[in-house]
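Trainee: These are the residues of each chain, in order.
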Amino acid sequence: MGTLGRALAVVLVLSPIASADPDDGGAALPPVQIHGFASEGGFVSTDNDYIGASSRGTLEFFEAAINFQSDVTDKLHVGFQLYGRDVGVYQDLPPRLDWAYLDYRFRDWLGLRAGIIKMPYGLYNEYADIDASRLEILLPQAVYPLADRSALLAQTGFALYGHRPLGCAGELDYQAWLGTLDIPANALEVSGATLDSSDAKYVTGAQLFWHPPVDGLKIGVTYLRTSIDFQLMLDAANVQALIMAGLEPPTYDGSVTISQRPDSVYIGSAEYTRGDWLFAAEYARWETHQESNLPPAVLPPFDRDSERFYAMAQRRLTPWLAVGGYYAAYTIDVDDREGRNRTMFPRPYDAYQRDGAASVRFDVNDHWLWKVEAHLFDGAADLDPTRNASPTQWWGLFLFKTTVVF
Amino acid sequence: MRAGAVLVLAVMVGLAAPTRAGNDGYKVIVNPKNPITAIDRDFLRNAFLKKVSEWSDGLTIRPIDLSAQFPARARFTREVLRKSANQLRSYWNQQIFSGKGVPPPEAGSTADLVTYVLDHPGAVGYLPSDADPGRAKVVEVQ
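Residue numbers (our numbering), protein chains in the order written: chain H, 671 to 1076; chain C, 213 to 354.
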């Protein structure tokens, strides 16, 4: 039986224990809750190919999920979700097991989750694929890049979590986790080689959110650390070039191991809601130490410290109309913000990507919504170089999307 | 043109969700076996958001909502949960699709809500201020 089969069996076999009370007057929840959503949209850019073939416009903007959940006992909650997407170059078809776990809450201040668990990172990573829960179509890509969704959204392992009131000082929410990452082969963009496999040794981290005694305000920090080996096979042309240059022996088969040990991520977050307004801002640093078994002349070891941040404002104008915008910035190397290193950055604007976005959300009813969004970008740091040989510095992106949720 | 007409009709249907006329005041009720006589507003908020799950004596909290057709729900959501209806829907979408939990059950009538509260020792709910709580205990929100 596969992972999916086991998850389904756990939910369906255990759920009858939580049968509805016939005397509840029709108010009880069914033993198994089923929820889902489906989205379709499109996007087009003025220049450059972003996410997919955006420069010519595309309707490859489909996402869907369905989940099953049950409260087996008062303290034990189980569930799993299937998720599929066809979003430009990012594909999860057939659908994959998105999350599946057992959740046992010993006390309000201590619970344990085990299984495939959504990974906390900042304010929104756990909810990054839940279109209906936010205004924007694209979360700020500087901090929540679509390209890393498959790798960063969930971990397989354990998590401890809890909620603690602090009296007049407010409340705390906290989580800590330890597990491994399941990185699909198509989760990484690789040029000149094929990704055979990846091996995440571990992923661990902790998140703390403080809700001070100010209505609507929460402030938090997240730390995440992982260690990953990538096994790649170089393309024949690259193998031949290395051999001809005398950098590898004639028997070299093209296999490469790239190790990122460690990847460390820090993020500070703040969100404030007041009436119909929402303000949020986050600042993150991603630190990577990378080595490989290739000669240093070909791929030297390096340390990289990237900087990512955004500031966002939203306002709900009516129960069915909300507007908002954000400014986000991503700098590949915090020590070279202007892209002076010509070896690494052929053009100065390859070193950064700044994004000004405006969004409108229209709620037809509680289960159906539409969104439109416009972006003005400065820079090309988040563009795939294999699809953008000569990217332009200033470019626009326009998206629309409709979502049904139940 | 037909597609446009369908869209307009759907919009009208969507925006015309029925609500019951009446006062939007509310009173909070618990099971008569529950020893409390008053409840802290923040605790009540966290109970309905499922951030806390136990009364002080260890009994499991079982919140129950009124359906959206009652004006009292909008006021309770605004004053106790400190969220708008849209914000509350977003909150539960986040919980549902990250697997953290599902919203409390909804009662379609005040009689159903009172029945639920009487059947579950840990239940807590709210009624329109002019509704009959029956044998359920009305508690003060502090």
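Simulated from the structure, these hints should not be mistaken for lab results. Predicted model only: the values in this text are computed from it and were never measured. Incorrect hints may have been included.
In silico negatives: residues of chain C with every beta carbon more than 10 angstroms from chain H [unchecked claim]:
1. Asp236
2. Thr249
3. Asp269
4. Pro283
5. Gln299
6. Ile308
7. Ser341
8. Val351
With a straight-line Cα cutoff of 30 angstroms, these simulated DSSO-like cross-link-like pairs (lysine-lysine) come out [what the hints assert, rightly or not]:
9. Lys263/C <-> Lys745/H
10. Lys262/C <-> Lys295/C
11. Lys349/C <-> Lys263/C
12. Lys295/C <-> Lys745/H
13. Lys239/C <-> Lys262/C
14. Lys245/C <-> Lys871/H
15. Lys262/C <-> Lys871/H
16. Lys888/H <-> Lys349/C
17. Lys239/C <-> Lys349/C
18. Lys262/C <-> Lys745/H
19. Lys295/C <-> Lys871/H
20. Lys263/C <-> Lys888/H
21. Lys295/C <-> Lys263/C
22. Lys295/C <-> Lys239/C
23. Lys262/C <-> Lys888/H
Chain C is faced by these chain H residues, among others (derived, beta-carbon under 7 angstroms) [stated by the list, open to error]:
24. Gln703
25. Glu730
26. Asp744
27. Leu780
28. Lys788
29. Ala802
30. His833
31. Ser868
32. Asp869
33. Asp905
Where a beta carbon is used, it is the ideal one built from N, C-alpha and C, also for glycine.
Trainee: State for each hint whether it applies.
Mentor: These are the hints, each one checked on the structure:
1. Asp236: 16 angstroms, holds
2. Thr249: Nearest chain H Cβ is 20 angstroms from Thr249/C, so the label holds.
3. Asp269: Holds, since 13 angstroms exceeds 10 angstroms.
4. Pro283: For Pro283/C, whose nearest Cβ neighbour in chain H is about 14 angstroms away, the distance exceeds 10 angstroms, so it holds.
5. Gln299: 7 angstroms, violated
6. Ile308: 5 angstroms, violated
7. Ser341: 20 angstroms, holds
8. Val351: Consistent with the label, Val351/C stays out of reach of chain H, its closest Cβ about 19 angstroms off (over 10 angstroms).
9. Lys263/C <-> Lys745/H: Holds, because 13 angstroms separates the two Cα atoms, which is no more than 30 angstroms.
10. Lys262/C <-> Lys295/C: Roughly 15 angstroms between the alpha carbons, so the hint for Lys262/C and Lys295/C holds.
11. Lys349/C <-> Lys263/C: 23 angstroms, holds
12. Lys295/C <-> Lys745/H: Holds: Lys295/C and Lys745/H sit about 26 angstroms apart, inside 30 angstroms.
13. Lys239/C <-> Lys262/C: 20 angstroms, holds
14. Lys245/C <-> Lys871/H: 52 angstroms, violated
15. Lys262/C <-> Lys871/H: 34 angstroms, violated
16. Lys888/H <-> Lys349/C: Violated, at roughly 34 angstroms.
17. Lys239/C <-> Lys349/C: 10 angstroms, holds
18. Lys262/C <-> Lys745/H: This hinted pair holds, its Cα atoms lying about 12 angstroms apart.
19. Lys295/C <-> Lys871/H: Answer violated: Lys295/C to Lys871/H is near 41 angstroms, above 30 angstroms.
20. Lys263/C <-> Lys888/H: 15 angstroms, holds
21. Lys295/C <-> Lys263/C: With a Cα-Cα distance of about 15 angstroms, the restraint between Lys295/C and Lys263/C holds, given a limit of 30 angstroms.
22. Lys295/C <-> Lys239/C: 18 angstroms, holds
23. Lys262/C <-> Lys888/H: 18 angstroms, holds
24. Gln703: With a closest approach of 5 angstroms, the Gln703/H hint holds.
25. Glu730: 22 angstroms, violated
26. Asp744: 4 angstroms, holds
27. Leu780: 12 angstroms, violated
28. Lys788: 5 angstroms, holds
29. Ala802: OK, holds: Ala802/H within 7 angstroms of chain C, min 5 angstroms.
30. His833: Holds, about 5 angstroms.
31. Ser868: This interface hint is violated because 24 angstroms lies over the 7 angstroms limit.
32. Asp869: 26 angstroms, violated
33. Asp905: 39 angstroms, violated
Hints 5, 6, 14, 15, 16, 19, 25, 27, 31, 32 and 33 from the earlier list are contradicted by this structure; the remaining hints agree with it.
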